[in-house]
Structure formats: structure tokens, C-alpha cells
Amino acid sequence: DGGITQSPKYLFRKEGQNVTLSCEQNLNHDAMYWYRQDPGQGLRLIYYSQIVNDFQKGDIAEGYSVSREKKESFPLTVTSAQKNPTAFYLCATEPRWGYGYTFGSGTRLTVV
Amino acid sequence: SQQGEEDPQALSIQEGENATMNCSYKTSINNLQWYRQNSGRGLVHLILIRSNEREKHSGRLRVTLDTSKKSSSLLITASRAADTASYFCATDVAAGNMLTFGGGTRLMVKP
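Going down the list, the sequences are from chains L and R. For the first sequence, this note's numbering begins at 1 and goes up steadily by one. For the second sequence, this note's numbering begins at 1 and goes up steadily by one.
For reference, chain L alone in the conformation it holds in the complex (with noise of 0.2 Å):
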């Protein structure tokens, strides 16, 4: 099955914790992208990829970090300084511009 997989799908973090969010794709995709989508909001960009050891900072990048060392990957690190990291966070692929965005089932992240 051809596709982007997120996990985990549910995760709670502690005060003060990093967690990492995983996105892998087998779709061959150049470029890869996180979004956070707070409830009944729409969607921000925090950081994008578009080829392999590249990567930049979107509209809500503090407190966050990313690595893309290999094509099929594209972590996403919620850091400790991200104060308020309560949200439903979206992967996405894209083959090439202006082709249309591929999205994994998200990750509810949310703090205890």
C-alpha cells in the first residue's frame, strides 16, 4: 500500500518533555510537510522539506525541529520550549509543486 504513515497516532506529553512524531512515505515524493491544526481552526504550517537535507522554517517553527536524512522521513521534535503543543499535527507529500498534497492520518498530541 502506497501512502504516508503517522505515528503514533495518540501521544501525551509531560511538562518540560521533547517528543518526536514520525512521518514515513513509500510514494517517492520529493517534499514533505507538517501542519498543526488546533480544533476547529484550519491549518498552519510549521516546517517544510523539499529535497533531502533540506529543510525550512514555515509560519509557527519555534519550538519545534525537524531532520529529512533520508527521503522516506520527515520527524517532527516538539521541544519543551513549545508552550502550548496541544494539537492534531498533519504530515503531507507532495510529488512536485502544484500537483495536489498527500496526507497522513495525523497525530493528536496532547499535554498531561
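Rather than coming from a laboratory, the hints here were simulated on the basis of the structure. There could be a bad hint or two in this list.
To be verified - Here are the computed lysine-lysine pairs in the DSBU-like style, where the Cα-Cα straight-line distance is at most 30 Å: (1) L:K57 with R:K70; (2) L:K9 with L:K57; (3) R:K110 with L:K57; (4) R:K56 with R:K70.
Model the placement of chain R on the given structure of chain L, informed by the hints.
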């Protein structure tokens, strides 16, 4: 502020009726896309319309784009209960740029 703004924020209709959602944006675009999101799930790409196109169809979906008014509309004809979801427009303002999403329209189709 968001590039795209959907209107209405929420829409409730009966099965079989048509549903129309609108999207307005602020800056010139290369293309505009519509996505659907079922509750608690990822988004699904529905249709993409380029800036030099005025109308596109896909099954029961019809999208129009008016670049002079910086607006787009999504029409779902003969709606079904399974169309219940949130619908988002997203704009691509330059080559190689990422999409900017609006706040969405929550559609409820009552059986």
C-alpha cells in the same frame, strides 16, 4: 492572517440538496485547491484549479475560480450523508511555495 477564508463557516442541508462553499483570498495565486477532512482524520485532496482556469468538474464536484474577485466556490451536487465533513480551500501563491489553508467550512448533510 490567513490567505484563504471560507464562507460560510458551517452549513447544514438535507440529503439530495446542493451545497455551495466559497473561498476568498488576498494575493495573486498560481492555483487553488479544495480538500475534505472527516472528523479526526487527515485531509483528502479533491480538486485543483489553476489560475488560468475558470471552472473544473470532478464527479459531483464543481469548482469555479474568479481571479478578478479573488474568489472560488465549491459546489457539491446531490449531497449525501457521507459528504458530511469539513472542506478547506488552499492557495499556492508562487512556484515551489507551500499551501496556505483557510479556516474551513463544516458541512453537515442530514439523511
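Do the hints match the structure? See the list:
Restraint check: the Cα-Cα separation between K57 of chain L and K70 of chain R comes to about 27 Å, which is no more than 30 Å; the hinted pair holds. At roughly 24 Å between alpha-carbon atoms, K9 of chain L and K57 of chain L fall within 30 Å of each other, so this suggested pair holds. Distance check on the hinted pair: K110 of chain R and K57 of chain L sit about 41 Å apart at the alpha-carbon level, beyond 30 Å; violated. With a C-alpha separation of about 16 Å, the suggested pairing of K56 of chain R with K70 of chain R holds against the 30 Å cut-off.
When held up to the earlier numbered hints, the structure conflicts with hint 3 and nothing else.
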